[in-house]
Amino acid sequence: MAKRVFIGREALEELCRCYPTPFHLYDEREIRSRARALNAAFSWNSGFKEYFAVKATPTPAIVRLLAEEGCGCDCATGVELMLAAACGVTGENIMLSSNDTPDDDYRLAARMGALINLDSADMVECLSRALGGALPETVCLRLNPGGSFEVPDNPAGRPAESKFGMTEEQIFESCRRLRAAGVEHFGLHSFLLSNAQGNGYYPALARLLFSRAVRMRDELGVAISFVDLSGGVGVAYREEDAEADIAVIGAGVRTAYEDILVPAGMGDVAIFAELGRWMCGPAGALVTRVIHKKETYRTFLGVDACAADLMRPALYDAYHHITVMGKEDAPRTHAYNVVGGLCENNDQFARDRILPETGVGDLLFIHDTGAHGHAMGYNYNGKLRSAELLVGEDGSVRLIRRAEKPGDYFATLDIDEDFTAALTRGNRQWK
Numbered sequence: 001m002a003k004r005v006f007i008g009r010e011a012l013e014e015l016c017r018c019y020p021t022p023f024h025l026y027d028e029r030e031i032r033s034r035a036r037a038l039n040a041a042f043s044w045n046s047g048f049k050e051y052f053a054v055k056a057t058p059t060p061a062i063v064r065l066l067a068e069e070g071c072g073c074d075c076a077t078g079v080e081l082m083l084a085a086a087c088g089v090t091g092e093n094i095m096l097s098s099n100d101t102p103d104d105d106y107r108l109a110a111r112m113g114a115l116i117n118l119d120s121a122d123m124v125e126c127l128s129r130a131l132g133g134a135l136p137e138t139v140c141l142r143l144n145p146g147g148s149f150e151v152p153d154n155p156a157g158r159p160a161e162s163k164f165g166m167t168e169e170q171i172f173e174s175c176r177r178l179r180a181a182g183v184e185h186f187g188l189h190s191f192l193l194s195n196a197q198g199n200g201y202y203p204a205l206a207r208l209l210f211s212r213a214v215r216m217r218d219e220l221g222v223a224i225s226f227v228d229l230s231g232g233v234g235v236a237y238r239e240e241d242a243e244a245d246i247a248v249i250g251a252g253v254r255t256a257y258e259d260i261l262v263p264a265g266m267g268d269v270a271i272f273a274e275l276g277r278w279m280c281g282p283a284g285a286l287v288t289r290v291i292h293k294k295e296t297y298r299t300f301l302g303v304d305a306c307a308a309d310l311m312r313p314a315l316y317d318a319y320h321h322i323t324v325m326g327k328e329d330a331p332r333t334h335a336y337n338v339v340g341g342l343c344e345n346n347d348q349f350a351r352d353r354i355l356p357e358t359g360v361g362d363l364l365f366i367h368d369t370g371a372h373g374h375a376m377g378y379n380y381n382g383k384l385r386s387a388e389l390l391v392g393e394d395g396s397v398r399l400i401r402r403a404e405k406p407g408d409y410f411a412t413l414d415i416d417e418d419f420t421a422a423l424t425r426g427n428r429q430w431k
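In terms of my numbering, the sequence shown opens at residue 1 and continues consecutively.
Hint data in this document are derived by calculation from the structure and do not stem from the laboratory.
Treat the hints with care, since some could be wrong.
Result set (DSS-like, lysine-lysine): computed pairs, CA atoms no more than 27 Å apart in a straight line [unchecked claim]:
hint	residue 1	residue 2
1	Lys294	Lys327
2	Lys293	Lys3
3	Lys294	Lys383
Computed beta-carbon distance windows for the label pairs [said to hold, decoys possible]:
hint	residue 1	residue 2	range
4	Tyr378	Arg176	38 to 46 Å
5	Asn381	Val248	53 to 61 Å
6	Tyr316	Glu417	24 to 32 Å
7	Tyr297	Gly426	37 to 45 Å
8	Glu344	Ala180	48 to 56 Å
9	Gly133	Ala242	49 to 57 Å
10	Thr167	Gly382	26 to 34 Å
11	Ala330	Ala242	48 to 56 Å
Heads up, the beta-carbon is just placed ideally off N, CA and C, and yes, glycines get one too.
Throw the hints in and build the complete structure from the sequences for me.
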């Protein structure tokens, strides 16, 4: 699948005159298109709800945009809950799906009326303690089925090695305890693969969860309100990868629903999703400029971005396609290592990547960074987090998060009055 650059070189160079590289750039049209495609794919289920995984792109402009398309928020922390609420997402449009959860986060979620997803058996007591015994009417439970989870075109998942979720026995026991404490409705959740390729993951997961939901209803007599398929649907990072077809995925889940839940008299169960990567990944790019070219045993293109702007290649050796702006149709004839300026050898966006001849001053468009890109940024080596910009449906571009300044980096040290005074004196001298 050919990679799409959603802005032209001239427009991008003009943008760089206002906003120095590096920066993350997002395409509003693509984000809205994906949200609409997802909702259409699951329109057969009247209760369907996408809870956008805030961790993927915790940027208010993006969260608000998705809320306009009917999406809720999947949050992992109290701060993400606050972000969702500030974006106008409220009540059961928010899901707290966390692990090792502090009591304060439970209390905040309960005050907001958010749905709460419990990750472990001990969280039943933790939740009760945090809320003074006044449990919510609906609680979700996260299943880890153990063993091996196999889907065509993907490496076998090994749930037993994951820190997330409960065994089936723990799910049933937790359900009994929660019902005895007054919980009336239950959800069932699981996350077994990350960045799953092809169209088979959601339907296979749905069959697993639907069968467990029927057992819970039959053996425990509880009401199952929803099944949450969580995230995990992948994106095509490489040109040779096939993009997941969300319509085919939705149809596959529907077949499982009609095979398992409908015959069991559970045709009113809602389906939830928590897609982050699939929703925003292909709608974002990291824009960076080549500032050095070095020849040793390899040819290195040194850029003004680094792993602090996009951690995935350094952390996972993840592949991100790179387009040299203005040379989209030029032959790819040279092997380069594209590297950043951190004092770490793993700060490399690409190794031996075949690109058109590239030199100092060229703009690089690093694809598919719209999820888990800027969100995973950090300040190692005193690197400052980059700006985020949004290309609107009308082609206009607006700043949705400014770049960090040195003052932001030092802000949490302001309690040290001697340091603050010295820094202020230094700033005057350096200017």
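The hints, checked one at a time:
1. Lys294 - Lys327: The given pair, whose Cα atoms are some 21 Å apart, holds under the 27 Å limit.
2. Lys293 - Lys3: holds, 25 Å
3. Lys294 - Lys383: holds, 22 Å
4. Tyr378 - Arg176: 38 to 46 Å: holds, 43 Å
5. Asn381 - Val248: 53 to 61 Å: Check failed, 44 Å falls outside 53 to 61 Å.
6. Tyr316 - Glu417: 24 to 32 Å: With Cβ atoms ~42 Å apart, the hint is violated.
7. Tyr297 - Gly426: 37 to 45 Å: Since the Cβ atoms of Tyr297 and Gly426 sit about 40 Å apart, the hinted range of 37 to 45 Å holds.
8. Glu344 - Ala180: 48 to 56 Å: holds, 52 Å
9. Gly133 - Ala242: 49 to 57 Å: holds, 51 Å
10. Thr167 - Gly382: 26 to 34 Å: violated, 45 Å
11. Ala330 - Ala242: 48 to 56 Å: 26 Å Cβ-Cβ, so the 48 to 56 Å window is violated.
Of the numbered hints listed earlier, those contradicted by the structure are 5, 6, 10, 11.
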